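So the chains spell out like this:
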Amino acid sequence: MSETTQIGSDALLARRSGARRERVRLIAMALGPVFGAIVLSGLVLLALGVDPIAYYGYVVDRGLINPYGLQATLTRMGPLLLIAAGLIVAFRAGIWNLGGDGQFLLSAVVVAALGPLMVPYFPVWMVLLIGLLVGAMVGAVWSLLPALLKAYQGVNEIITTLMMTFLGVSFANVLVKLFFRDPATTVPQTRTLVVADRLPRLFDTTVSSGLLIGLIAIVAVHLVMTRTAFGLKLRIVGANPRAAIHAGLNVPLLTLATFAISAALAGLAGAVEIMGVQGNVRADWNPAYSLTVVPLVFLARFNGFASIAFVFLFSVLSIGGESAARRTGVPNFFTLVVVAILLIMLGITEYLDQRRRAAGK
Amino acid sequence: MTQIHTSPPPHAEPRPIVSLDHVTKRFPGVVANERVSFDLWPGEVHVLLGENGAGKSTLVGMLSGLQLPDEGGVLIDEREVRIASPARALELGIGTVFQHSMLVPSLSVVDNMALGGKWWSQPDRDGVAARMAAVCADIGVTLDPHAKVGSLSLGEQQQVEIVRALMRGSRVLILDEATAMLTPKGAEDLGALMGRLTKLGIAVVFITHKLNEALAFGHRITVLRLGRKVGEIAPERLAALGPAAATAEIVRLMFGSDTAARAAVAEAPRRSRPAGPPLLEIAGLAVDDPAVPVAGIDLEVAPGEIVGLAGIDGNGQKQFAEALAGQRRLAAGTIRLGGEGIERLDVGGRRARGLRYVTDDRLGEGTVGAFPISLNLLLKQVGEAPFWRRGIEQPDAIAAHARRLVGEFDVRTPGIETAIGKLSGGNIQKALLARELSGAARAVIFAKPTYGLDVQNIRATRQRIREAAEQGLAVILISTDLEEVLELSDRVAVMSRGQIVGVVDNDADARNRVGELMSGVTA
Amino acid sequence: MSALFTQAFLTSLVLGALTAGIPLMLAGLGEQISEKAGVLNIGIEGMMLFGAYLGFLVAYSTGSVWLGFLGGGVGGMMVAAPMALFCIRMGLSQIVIGIALTLGAEGLTALLHHFQFAQSYPRLPAVETLAIPGLSSIPVIGPALFDRPPIVYLAVLAVAVTAYVFRRTQLGLALQAAGDKPAALDAAGVDVVRVRTVAVLTTGFLAGIGGAFMSQVGAGIFVPFMTNGAGFIGIVLAMQARGRPLWVLCGALLFGACLSATTALQVAGVSIPTDIIQMLPFAAVLTVLVLFGRRASLPPALGTHYVRGAR
Numbered sequence: 001m002s003e004t005t006q007i008g009s010d011a012l013l014a015r016r017s018g019a020r021r022e023r024v025r026l027i028a029m030a031l032g033p034v035f036g037a038i039v040l041s042g043l044v045l046l047a048l049g050v051d052p053i054a055y056y057g058y059v060v061d062r063g064l065i066n067p068y069g070l071q072a073t074l075t076r077m078g079p080l081l082l083i084a085a086g087l088i089v090a091f092r093a094g095i096w097n098l099g100g101d102g103q104f105l106l107s108a109v110v111v112a113a114l115g116p117l118m119v120p121y122f123p124v125w126m127v128l129l130i131g132l133l134v135g136a137m138v139g140a141v142w143s144l145l146p147a148l149l150k151a152y153q154g155v156n157e158i159i160t161t162l163m164m165t166f167l168g169v170s171f172a173n174v175l176v177k178l179f180f181r182d183p184a185t186t187v188p189q190t191r192t193l194v195v196a197d198r199l200p201r202l203f204d205t206t207v208s209s210g211l212l213i214g215l216i217a218i219v220a221v222h223l224v225m226t227r228t229a230f231g232l233k234l235r236i237v238g239a240n241p242r243a244a245i246h247a248g249l250n251v252p253l254l255t256l257a258t259f260a261i262s263a264a265l266a267g268l269a270g271a272v273e274i275m276g277v278q279g280n281v282r283a284d285w286n287p288a289y290s291l292t293v294v295p296l297v298f299l300a301r302f303n304g305f306a307s308i309a310f311v312f313l314f315s316v317l318s319i320g321g322e323s324a325a326r327r328t329g330v331p332n333f334f335t336l337v338v339v340a341i342l343l344i345m346l347g348i349t350e351y352l353d354q355r356r357r358a359a360g361k
Numbered sequence: 001m002t003q004i005h006t007s008p009p010p011h012a013e014p015r016p017i018v019s020l021d022h023v024t025k026r027f028p029g030v031v032a033n034e035r036v037s038f039d040l041w042p043g044e045v046h047v048l049l050g051e052n053g054a055g056k057s058t059l060v061g062m063l064s065g066l067q068l069p070d071e072g073g074v075l076i077d078e079r080e081v082r083i084a085s086p087a088r089a090l091e092l093g094i095g096t097v098f099q100h101s102m103l104v105p106s107l108s109v110v111d112n113m114a115l116g117g118k119w120w121s122q123p124d125r126d127g128v129a130a131r132m133a134a135v136c137a138d139i140g141v142t143l144d145p146h147a148k149v150g151s152l153s154l155g156e157q158q159q160v161e162i163v164r165a166l167m168r169g170s171r172v173l174i175l176d177e178a179t180a181m182l183t184p185k186g187a188e189d190l191g192a193l194m195g196r197l198t199k200l201g202i203a204v205v206f207i208t209h210k211l212n213e214a215l216a217f218g219h220r221i222t223v224l225r226l227g228r229k230v231g232e233i234a235p236e237r238l239a240a241l242g243p244a245a246a247t248a249e250i251v252r253l254m255f256g257s258d259t260a261a262r263a264a265v266a267e268a269p270r271r272s273r274p275a276g277p278p279l280l281e282i283a284g285l286a287v288d289d290p291a292v293p294v295a296g297i298d299l300e301v302a303p304g305e306i307v308g309l310a311g312i313d314g315n316g317q318k319q320f321a322e323a324l325a326g327q328r329r330l331a332a333g334t335i336r337l338g339g340e341g342i343e344r345l346d347v348g349g350r351r352a353r354g355l356r357y358v359t360d361d362r363l364g365e366g367t368v369g370a371f372p373i374s375l376n377l378l379l380k381q382v383g384e385a386p387f388w389r390r391g392i393e394q395p396d397a398i399a400a401h402a403r404r405l406v407g408e409f410d411v412r413t414p415g416i417e418t419a420i421g422k423l424s425g426g427n428i429q430k431a432l433l434a435r436e437l438s439g440a441a442r443a444v445i446f447a448k449p450t451y452g453l454d455v456q457n458i459r460a461t462r463q464r465i466r467e468a469a470e471q472g473l474a475v476i477l478i479s480t481d482l483e484e485v486l487e488l489s490d491r492v493a494v495m496s497r498g499q500i501v502g503v504v505d506n507d508a509d510a511r512n513r514v515g516e517l518m519s520g521v522t523a
Numbered sequence: 001m002s003a004l005f006t007q008a009f010l011t012s013l014v015l016g017a018l019t020a021g022i023p024l025m026l027a028g029l030g031e032q033i034s035e036k037a038g039v040l041n042i043g044i045e046g047m048m049l050f051g052a053y054l055g056f057l058v059a060y061s062t063g064s065v066w067l068g069f070l071g072g073g074v075g076g077m078m079v080a081a082p083m084a085l086f087c088i089r090m091g092l093s094q095i096v097i098g099i100a101l102t103l104g105a106e107g108l109t110a111l112l113h114h115f116q117f118a119q120s121y122p123r124l125p126a127v128e129t130l131a132i133p134g135l136s137s138i139p140v141i142g143p144a145l146f147d148r149p150p151i152v153y154l155a156v157l158a159v160a161v162t163a164y165v166f167r168r169t170q171l172g173l174a175l176q177a178a179g180d181k182p183a184a185l186d187a188a189g190v191d192v193v194r195v196r197t198v199a200v201l202t203t204g205f206l207a208g209i210g211g212a213f214m215s216q217v218g219a220g221i222f223v224p225f226m227t228n229g230a231g232f233i234g235i236v237l238a239m240q241a242r243g244r245p246l247w248v249l250c251g252a253l254l255f256g257a258c259l260s261a262t263t264a265l266q267v268a269g270v271s272i273p274t275d276i277i278q279m280l281p282f283a284a285v286l287t288v289l290v291l292f293g294r295r296a297s298l299p300p301a302l303g304t305h306y307v308r309g310a311r
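Here the protein sequences come in this chain order: F, E and U. Quick note: the first sequence uses the working numbering, first residue 1, plus one each step. Quick note: the second sequence uses the working numbering, first residue 1, plus one each step. Quick note: the third sequence uses the working numbering, first residue 1, plus one each step.
No lab work stands behind these hints: they were computed from the structure. Fair warning: this is a prediction, and the values are worked out from it, not measured in the lab. Keep in mind that a hint or two might mislead.
[To be verified] Covered stretches of chain E (chain U as the covering partner; in silico rule of three or more C-beta atoms under 8 Å from a C-beta of chain U):
#1 98-111
#2 117-127
[Stated by the list, open to error] Chain E is nowhere near these chain U residues, computed Cβ spacing over 10 Å in every case:
#3 LEU15
#4 TYR60
#5 TRP66
#6 LEU112
#7 PHE117
#8 PRO125
#9 THR129
#10 LEU154
#11 LEU157
#12 ALA160
#13 LEU173
#14 ALA174
#15 LEU185
#16 LEU253
#17 PRO273
#18 MET279
[Claimed, not checked] One side of the interface only, derived from the structure: several residues of chain F facing chain U at Cβ under 10 Å:
#19 VAL39
#20 LEU43
#21 LEU46
#22 LEU48
#23 PRO52
#24 LEU167
#25 VAL294
#26 PHE333
#27 LEU336
#28 TYR351
Cβ coordinates follow ideal geometry from the N, Cα and C atoms, glycine included.
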């Protein structure tokens, strides 16, 4: 693998070397693709007959400047940050957990079913706490099979986690339609957690405290991965599994731990989305957050703080894009195009940087 | 190709087949070859001799199409050519057998030979097998054309590659470190095969760093040192010099001055033979392994004793070392260190009791290349105080530890935060030695400790091994270099096919007896 | 229970398995070619989707089914080409670029569809079938298997062709070598980058036709995100088939039967949520993995970039 361009692999060195020039280079390498992507996406808009400047202006206005838009953006960030935190753990440990969507959705369904059932018997704070815990556990459980197969049989986790996502999405629908269905509604969906019983809002805004949970999680993950012995062990497994064995690390156990933490965070994201925003799960609902967060984590080079910035940018784009869809007639799918172009621009930047460094020395 | 010339007098033809004319090749930071000139004559084994890092591989790379020279030219039949790809090299009649097999393990021998034809054509398996049989008969080897390459021994794979090169009409055959993986018997066979090849009028380039092979198999010897050609001994001169004088001449060329050469191969003052009860006792050790199962290993090492473990690469040394260090599960057997059974402990537990393992795979498993030196020095102590407290990293303690070891072991590095993968092989080895020999070590396993190092670092490393023994450590020295084993060890154990086939005291007769044990002649 | 096995039920089950299975098979076959050559092609979902879109667009605007399928294949290759450029030539991460291309194809096709067809939702006429004389009159399976659009026969033929190429041609040897030991292929004078590029483009072509099959034959209409994971199922099929094209065909029909069983069951008057049936194939594959736990036999060089001279 050493010949493969490893996106995000030298982020750790940068922290330690601390050289300012290195930092400037990294920031340039993070922002370069962003500008490139905005320009290229603008060209796509132009080709579709939409005025890019007007469109971007509207997106920025509705996602960032407008108070309601900004609050929606910040609320959206909560679950995305949790997913990003889970992906950082997995990717730094060299595990391709692409099953986040299944872990997220199943946890959401279970929490949505459980929440309203608990409300009559427990105080709100306890309902929420149990909900978060259960969500994390459901997520972790849904990663158990790929984890065991990877740790003890060496079965490629990309395939198994993808399969578990398909299985999970169907299973979530089965649960909603057959077992957790709210008899009071005609559309198949779970009972609804009333607004009063949801995660509290921050101060006088409509921003869900899920944002806070997400921020705490991603900062904690960043610190654990960079400053603790446990994080270092995971990084050794990720960077060179054979060195991990040589150093006497229990690689299967660390692999299981990686899956559990990563999937638990995805599950937590599901719980936060339900108890903070949605209140219930409708049949066939699948926001597919995880697959869109993967590129953001890459752009941030597995750095927690940079991930916050990119998740924010993405949230602005998607909330603004949802509003813009109604006004400008450009559907929200445009956000996907922007992310894809962003990723490819990142790849090209990385490639050019590598060539430049190879030539410079 | 398959017709046999009747006893061509060597270098009867007036001109070389291939000439390198003052080629220079630079890589970032190093000049791998500097104005090297080199002629290949038909019917001649031309030995390219040099230490690791002398530029042999780069020179071969330019002949076989893997690299292009930055300056200078390549001439074939006195015409300038540009060998831009391995395909081009083949077209020009230059076939290469690389040190690492260039065969596809999952394909059969004929399919490997047929590889490279027009895409939609069917591989002509029968035709290839027939032509293969003809070439095999010419050069006196037997091969099953339908065997999967992955199931062949390394020696057989090498023969497949030689046959393939000849079938493609190669007039020049490059053998890159071809004997590195072979038994002494296998190396002799290869030498004989080279002799038969030259009788067919083929020019053979034989790359090696082993002097005795160069003299035994070569007609003409070129010596490279630090990227430069430092001398060439023509066939007439080689014959005139005789073995002893030729050896002296080559040693002088390879190592620079006579004094340095003597120092490199100098016999260390013999240490007094250690006595006393064994510190490390291994009994009945067995390891399950699909390639080389290891069984029935009994070995005792006294404090201060160096036991050399000689043998051809791939006879279970790696499996044995890993099982001893705790990286592999034992199928059976006991390991006692200072009387305490440690076979049930994991790597960390064994290390804590003083068992250390210096791996030969420095980049593959010994280090994490992208991580700083400071962390690599603590790779086997992650989470231990004082470097981590309650699981939290203590940067000051880690840095102090790294600075101390870097100083003590003379690791040349820009800083302790430099990624270890950016250091030279010698400095990475110093860092590994620092990690394994510091602290409360009691027994150390060295696996091929000088493999791939330059002369300076070989000397430094061997000195460290001696010092370790002098400090009372029990030392197991695994090496495929017989000279090294004989230079350092008190006793020599020989490993073959996963078993220790004999242990001999390192006395005057040791060389012969070890050689016999290695080639499977039971004395 | 006996009501289950009426002729109508069986015919509809076989028909459904075929209609849902053919795109999966084409995807799986394509993925297998990429994997054999050492490229883990995660972008195949995007290739299918773009093929579905372009195939529909071409078929709709020209009125020709065949041009539609060609358009689908070209559409798939249009997504495969950047993959070849970024991953094989430039050596970028195959997973990251694969995900990017899938997301991009999802977004772009949805966007284009919105601007072109969102108001009208045009449908294609049903694709004409070609009855194979004799075979098509076999009861139950005859009409379902041998009275199908010609592309179905071609798709099945593609399995045989692929098997032939793998086993009997130089290209097959080259693909195997590119995934097993690229350096050996290079040393034999074959350009690894070119072999892998051809593999990825072929994958795109096959996956694109698979996508076009979904929009032209399966649905008769293009809907955003309509492949719905079919490409990922193709990856699963390829991994399970361990390099054997015939296994891809069998696996694809099994998946297809599960995916379409609901319709058949409705014909038989049984109502089970689609979702339960859709879980079956994945559950089956995972069970196999757990029970036999064999390490999936993947080419050693899968996912790694080849650089000449680097060891």
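Exercise for review: Please write out, lowest number first, the hints stated earlier that are contradicted by the structure.
Suggested key: The structure conflicts with hints 13, 14, 15, 19, 20, 21 and 23, although it agrees with all the remaining ones.
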